[in-house]
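K.L.:
As you go down the protein sequences, you meet chains A and B in turn.
Take the first sequence: its letters are residues -9 to 312, numbered as in my numbering.
Take the second sequence: its letters are residues -9 to 312, numbered as in my numbering.
Incorrect hints may appear among the rest.
No copy is singled out in the list; a pair is fine if it fits within one copy or between any two copies.
BS3-like, lysine-lysine: derived pairs with alpha carbons at most 30 Å apart [what the hints assert, rightly or not]:
| no. | residue 1 | residue 2 |
| --- | --- | --- |
| 1 | LYS250 | LYS36 |
| 2 | LYS9 | LYS238 |
| 3 | LYS250 | LYS43 |
| 4 | LYS36 | LYS(-8) |
| 5 | LYS57 | LYS295 |
| 6 | LYS309 | LYS9 |
| 7 | LYS250 | LYS21 |
Keep in mind that the hints were calculated from the coordinates and are not lab data.
Here is how the chains run, residue by residue.
There are 2 protein chains.
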Amino acid sequence: MKGAILKSTQEPLVLEEAKFENQNIDYVEVKLYSAALNHRDLWITKGQYAGIKFPIILGSDGCGHFKGEDVVLNPSLEWGPDERVQGPSYQVLGLPTHGTFAESIWIHPDQLFPKPPHLNNLEAAALPLAGLTAYRVLFSRCGLTPGKKVLVTGAGGGVALFAIQFALAIGSEVWVTSGSNEKLEKVKAMGAAGGVNYRNAGWDQQLKVLTGGFDIIIDSAAGDSFAALIGLCRPGAAIGLYGGTLGKMNQLVPQVLFWKQISIHGSTMGTAREFAAMLELVAKYQIHPVIDSVFSLEEVNQALKRMEEGSQFGKIVLKIAD
Amino acid sequence: MKGAILKSTQEPLVLEEAKFENQNIDYVEVKLYSAALNHRDLWITKGQYAGIKFPIILGSDGCGHFKGEDVVLNPSLEWGPDERVQGPSYQVLGLPTHGTFAESIWIHPDQLFPKPPHLNNLEAAALPLAGLTAYRVLFSRCGLTPGKKVLVTGAGGGVALFAIQFALAIGSEVWVTSGSNEKLEKVKAMGAAGGVNYRNAGWDQQLKVLTGGFDIIIDSAAGDSFAALIGLCRPGAAIGLYGGTLGKMNQLVPQVLFWKQISIHGSTMGTAREFAAMLELVAKYQIHPVIDSVFSLEEVNQALKRMEEGSQFGKIVLKIAD
């Protein structure tokens, strides 16, 4: 089978015949229809990730077929027994084990879940990592229930869009921020109540006036704008943090945190139980992942370039086979 | 009845006959045996608190008797229906309503709870505000269960000492920080596993080497040392924050928060249900509050001075009547 192999951080992925051994006697081979990109893949190609090894087939998201059934792959490997946190053996599919940018993958059958029937193969590949991350941070960590007022920052990213879709599906009032007015319009067309451009000075005060504040805020930027999110919390609010693209958080006011009984929950990935619950939610509400663009496996480096440019809205998908 | 009245922030409390009207038809008069000080009282005398009015009898902690029964007073007034957070009518006893630095107090009978029988009147007055705050942040917010490794910073303060006692009572391994080696020794004598002096450079690394990190951290300092607490978190840890004496928090690393699934919970005061549960815990484990010093009601300004000096270990109590 062919796979898109990263051989060093100095060169693009190379699509070639890969003869990696089946490293575990319990693993099965899954023929892949499709895969999808995550920022993780991009960071690994640039050497900005812990534990990089070569050669490695990247890719955490995949949809394929096994024993006559269409399946999606849970990218959380070896979570361990504690629902609260992944254990020391935890891995994300696609490093250190080989991932989904390939014609097939060897994987433990416990990672395979039936594809939600309403999704095509490209949509299904868009779902796993981002959908799982959004599910855990929204529901397990921040305790989202219907009727809440929700803010999702950085609308356009894969996790952010699933968070928006999931929150809308169960009946939340969803607001967003983005650095692009075009993306704000797209999210409003999906059903969001509104949004503001974080490049405008006073965006947080604008949101506060428009909404009165939020019960749940989902963020992956952190950085200096995080303090503004605390100011946008209603009493009893929860902030879910699943990334840190803007770096360290500063100038957080403790009195606001404790007087308003605010919680900040770091969150990443999720358990197999959460993966199954996420698929169930997607099927129940007939949610279709937002796809930004589709590339062939041969075009994987163009797909990575698309992600690097940062203008995508939704998931960047690789079509591998029909 | 006599009360210690604050008439302005320019002068000490004045003990004199107070003829305040019973402002609510449901209120009852409780004769007070004893009261206790909190930092809140000190900050009000200095004008460093929101909504100060004059004249006002300060004091949130009280023990007295009503209809032949010894009672302690729940200082949380009008919490409201939401367990997660106090509502807009919420008040702490002792501003804007008159407090416990007086021979008696008019208060709603729902605020009265039977005094734990094993406590004397001075110990009972030491319990309410600090015990309630410690209970909520430890149990309701951080989910403490037996067998956890707990760090309490700033050992010596009222809430910190109750947090230490409560966590020890249910079988936690408790570590502390303090700026005083003498206080560290006192806490070890109470059963803490150990502690470090935060005035020593590298105190956090020292703690990490000694303990491997913590499941629950209880802090009221915030400020620049808060980032070190995040570094002391075990995977899945919770930090409970109930104060902010060192001001804003800076340099928090988002990647540590989300990869370790850490939660930060702001917390203040507590509900009537939590107050009752706290009294039950104190009775069940026969916990005796740590008393730093006892003053008469006439000596209330000396008691406030003792608090201002900051060297107390445990609660500063006012003895009002036998």
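K.L.:
For every hint, state whether the structure bears it out.
P.N.:
How the hints compare with the structure:
| no. | hint | verdict |
| --- | --- | --- |
| 1 | LYS250 - LYS36 | between (41 Å within a copy, 24 Å between copies) |
| 2 | LYS9 - LYS238 | neither (42 Å within a copy, 54 Å between copies) |
| 3 | LYS250 - LYS43 | between (45 Å within a copy, 23 Å between copies) |
| 4 | LYS36 - LYS(-8) | within (22 Å within a copy, 74 Å between copies) |
| 5 | LYS57 - LYS295 | neither (35 Å within a copy, 78 Å between copies) |
| 6 | LYS309 - LYS9 | within (21 Å within a copy, 82 Å between copies) |
| 7 | LYS250 - LYS21 | neither (51 Å within a copy, 33 Å between copies) |
Checked against the numbered hints above, the structure breaks hints 2, 5 and 7 and satisfies the rest.
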